[in-house]
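Chains as they are written, first to last, in my numbering: chain G, 45 to 414; chain B, 13 to 207; chain H, 16 to 150.
Note that these hints are calculated values from the structure, not bench results. Hints are not guaranteed to be accurate.
Dumping the calculated DSSO-like pairs for lysine-lysine here, alpha-carbon to alpha-carbon at most 30 Å [to be verified]:
(1) 241(G) / 23(H)
(2) 123(H) / 65(H)
(3) 189(B) / 120(H)
(4) 123(H) / 93(H)
(5) 93(H) / 23(H)
(6) 257(G) / 276(G)
(7) 182(B) / 90(H)
(8) 182(B) / 120(H)
(9) 325(G) / 276(G)
(10) 334(G) / 94(G)
(11) 182(B) / 334(G)
(12) 276(G) / 38(B)
(13) 215(G) / 19(H)
(14) 138(G) / 340(G)
(15) 107(B) / 166(B)
(16) 334(G) / 123(H)
(17) 93(H) / 192(B)
(18) 242(G) / 19(H)
(19) 94(G) / 94(B)
(20) 94(B) / 340(G)
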Amino acid sequence: MYKSNQLVKIFHGPQHPGITGNMSVELDLDAETIVNATTHVGYLHRGFEKLVERRTIPQAFTIVCRICVPAPAPNEANFARGIENLAGIEIPEKASWIRTMVLEMQRITAQFLWMAGQGGSLGLYVNPQWAVADRDFMLDLFEELTGGRVYHMYIYPGGVRRDLPDGFLDKLSALLDYYETRLPEYDRVFFNNAVFKKRAIGAGIVDPSTALKYGITGPVLRAAGYQKDVRKYAPYEKYSELEFDIPTATESDVYARAMVRREELVQSFRILRQIIQRMPKTGDYQVKLKNHHQFKIPTGETWVRTESARGEFAYYMASDGSEYLRRMQVKGPSMVHAMSLLETVLKGAQLADVAMIMNSLGTCPPEIER
Amino acid sequence: MSFIDTDLQPRFPNREFTVDAQGIIKTETNTAELLGLISRFHNESGFELLDTISCTDWIEEGVLHLNYILYSYQHNQTLFVKVKLPRELKEDGTKRTVAELPSVSSIWPQAEDFERELWEMFGVNVVGHNDLREFFLEDWQDLPPNRRDFDTLKFVNDHFEFRVGREDAKSVAEERKRLKELRDMEKAKLSGETE
Amino acid sequence: MNWKPDIKGLIEPFTALKYLFKRPATITYPDVKRETPAGYRGFHVNDQVKCIGCGICEDICMNVAIDMVTPEEIKNPKNTSGLIPRVDYGRCCWCSLCTDVCPTKSLKLTPEYVLVTEDPNDFLYTVPEPKGDIQ
Numbered sequence: 045m046y047k048s049n050q051l052v053k054i055f056h057g058p059q060h061p062g063i064t065g066n067m068s069v070e071l072d073l074d075a076e077t078i079v080n081a082t083t084h085v086g087y088l089h090r091g092f093e094k095l096v097e098r099r100t101i102p103q104a105f106t107i108v109c110r111i112c113v114p115a116p117a118p119n120e121a122n123f124a125r126g127i128e129n130l131a132g133i134e135i136p137e138k139a140s141w142i143r144t145m146v147l148e149m150q151r152i153t154a155q156f157l158w159m160a161g162q163g164g165s166l167g168l169y170v171n172p173q174w175a176v177a178d179r180d181f182m183l184d185l186f187e188e189l190t191g192g193r194v195y196h197m198y199i200y201p202g203g204v205r206r207d208l209p210d211g212f213l214d215k216l217s218a219l220l221d222y223y224e225t226r227l228p229e230y231d232r233v234f235f236n237n238a239v240f241k242k243r244a245i246g247a248g249i250v251d252p253s254t255a256l257k258y259g260i261t262g263p264v265l266r267a268a269g270y271q272k273d274v275r276k277y278a279p280y281e282k283y284s285e286l287e288f289d290i291p292t293a294t295e296s297d298v299y300a301r302a303m304v305r306r307e308e309l310v311q312s313f314r315i316l317r318q319i320i321q322r323m324p325k326t327g328d329y330q331v332k333l334k335n336h337h338q339f340k341i342p343t344g345e346t347w348v349r350t351e352s353a354r355g356e357f358a359y360y361m362a363s364d365g366s367e368y369l370r371r372m373q374v375k376g377p378s379m380v381h382a383m384s385l386l387e388t389v390l391k392g393a394q395l396a397d398v399a400m401i402m403n404s405l406g407t408c409p410p411e412i413e414r
Numbered sequence: 013m014s015f016i017d018t019d020l021q022p023r024f025p026n027r028e029f030t031v032d033a034q035g036i037i038k039t040e041t042n043t044a045e046l047l048g049l050i051s052r053f054h055n056e057s058g059f060e061l062l063d064t065i066s067c068t069d070w071i072e073e074g075v076l077h078l079n080y081i082l083y084s085y086q087h088n089q090t091l092f093v094k095v096k097l098p099r100e101l102k103e104d105g106t107k108r109t110v111a112e113l114p115s116v117s118s119i120w121p122q123a124e125d126f127e128r129e130l131w132e133m134f135g136v137n138v139v140g141h142n143d144l145r146e147f148f149l150e151d152w153q154d155l156p157p158n159r160r161d162f163d164t165l166k167f168v169n170d171h172f173e174f175r176v177g178r179e180d181a182k183s184v185a186e187e188r189k190r191l192k193e194l195r196d197m198e199k200a201k202l203s204g205e206t207e
Numbered sequence: 016m017n018w019k020p021d022i023k024g025l026i027e028p029f030t031a032l033k034y035l036f037k038r039p040a041t042i043t044y045p046d047v048k049r050e051t052p053a054g055y056r057g058f059h060v061n062d063q064v065k066c067i068g069c070g071i072c073e074d075i076c077m078n079v080a081i082d083m084v085t086p087e088e089i090k091n092p093k094n095t096s097g098l099i100p101r102v103d104y105g106r107c108c109w110c111s112l113c114t115d116v117c118p119t120k121s122l123k124l125t126p127e128y129v130l131v132t133e134d135p136n137d138f139l140y141t142v143p144e145p146k147g148d149i150q
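Taking the hints into account, I'd like the entire structure generated from these sequences.
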């Protein structure tokens, strides 16, 4: 017999339809309402930070992209920029433009993957099918540019590894045209869907008064009414020369975050169109590095930040004068979003909304555990 | 006038601030003053956010360098509050440091997770933290793995097997030397025959 | 209670049904294969006529996937060590650092990427000679 004063404990996870990677949430339920939530991680610990200490710089660069599945490029960019800061390398103009382009393309793929997860967590399965398929067109372009679909290993300390293939920018431009025709369809099927609205409006509210202080970043912060974006307040690569808006919302619920992300997709198209226009035709795309045993970096420390699709991705790096890094510490948005924030947001939510809220906060377990 | 002259130095007259090439403000403190100083930065100087707590193991100096990375949205400034913590471990087998680090989780709840990680991966003895549980690892009895004296390669060799079938790999340097000796010998033989 | 049904939001999602009457976006894989771009990082090839057996590829490989082994026949007289690389595809991550550092550019990656086998030892991949002209 069910007793109303008894709490039921449920282990939600570690496999989820909506998020990449494994993470579980221990839920105390009063009927369908969550009373208490505790995040458990530890399914994916691979020890990247320790591995980097044993590898020379070119060797270490190939593993940093594996820290985050939906967005490897911000990791590569952070690592490359950190090394350039420490070693005092200036990268060529064209490399910087290509990097900006890759980062922005990566943001689009991550938004599509989020869209797929958000639909999947609600049972709107048309959306995942479409979003993953549309993301694949971007991956095809990545494949042509970098030689890899998901892990590009492309942004390299000192520039990028390959030049743009012939006709690449035209293909990108055509793909953006296609994406722009697709967006109204996504609106009809997903963003304006009555089911999605009914479920998402008012669910998973993040308290805006504490959002800045608690280290919340990215679309979650912007949906709480703060116009904060690393690309604006600490611009890197070519972002200071590009025009774009930072969309915000004030409702701070799942729906507001969805609309912010949709608007960011539009802004990414806008940024990419500007990049296509301004990409230098000629020029070097990399600085040659020394042999990896002789590439020694002077002692120092640095802190670099990149705006990924889910929030601020930051690296702390310290070097000790040898060819190895002394320490590389990764701080992804999920470290806060999936731990202290998720635990607070889930209190009082319904069991059926857990997956949706997790996805909406941009949870990505691989970057918590590294 | 830089931000240090206008804002930080008047509030903290005896404190030394430096700025590095990337514009990061740095200051150093000790564990006793840490909590008071950090809450003053938070309350008075507008550093709302604790971005992360970074930790670097400088085994040669015998210290763990902790950086409390604070960010101010208001002033768009990053501040490193550096603490040097002696790295020696307690002798009672707990594998935690003798030196105690006060928890800042009363100011920022997200610091709870950062400190849990420090506690687990570096063996930092965090005090005043109410939830020090295992974070990534499970039943870990060894040395905290992110310390420099933890040997990853030895751990791997002890716990995992390498695949068979790769024993025929040869060292390039040795093989070159062997071939060179072989050639030299043949040359010597050849020149011996011709003489 | 004020009940206002969101008619538009309820009906519009059904516009997706029009895709029932369109051709599928996927391809029927074994019959139709998609074209891989030339720069794809797939299996290795090693032009043994050019390979000098320097072992730089073995040195830079952070996954320790490359072994230097004695071939059946040394095709390059300048091969000072008499060894050629062999790749363990259980470990390789196709980062292409080995091909980047190769001084003679004998080691290359090809757009081939399908390896199906019942014997796990086939993943110790003796790097073949390139077929035709591969850039």
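Checked hints:
no.	hint	in the structure
1	241(G) / 23(H)	12 Å, holds
2	123(H) / 65(H)	12 Å, holds
3	189(B) / 120(H)	24 Å, holds
4	123(H) / 93(H)	19 Å, holds
5	93(H) / 23(H)	75 Å, violated
6	257(G) / 276(G)	19 Å, holds
7	182(B) / 90(H)	18 Å, holds
8	182(B) / 120(H)	22 Å, holds
9	325(G) / 276(G)	26 Å, holds
10	334(G) / 94(G)	24 Å, holds
11	182(B) / 334(G)	26 Å, holds
12	276(G) / 38(B)	23 Å, holds
13	215(G) / 19(H)	45 Å, violated
14	138(G) / 340(G)	25 Å, holds
15	107(B) / 166(B)	19 Å, holds
16	334(G) / 123(H)	21 Å, holds
17	93(H) / 192(B)	12 Å, holds
18	242(G) / 19(H)	12 Å, holds
19	94(G) / 94(B)	22 Å, holds
20	94(B) / 340(G)	25 Å, holds
Of the numbered hints given earlier, the model fails hints 5 and 13; all others are met.
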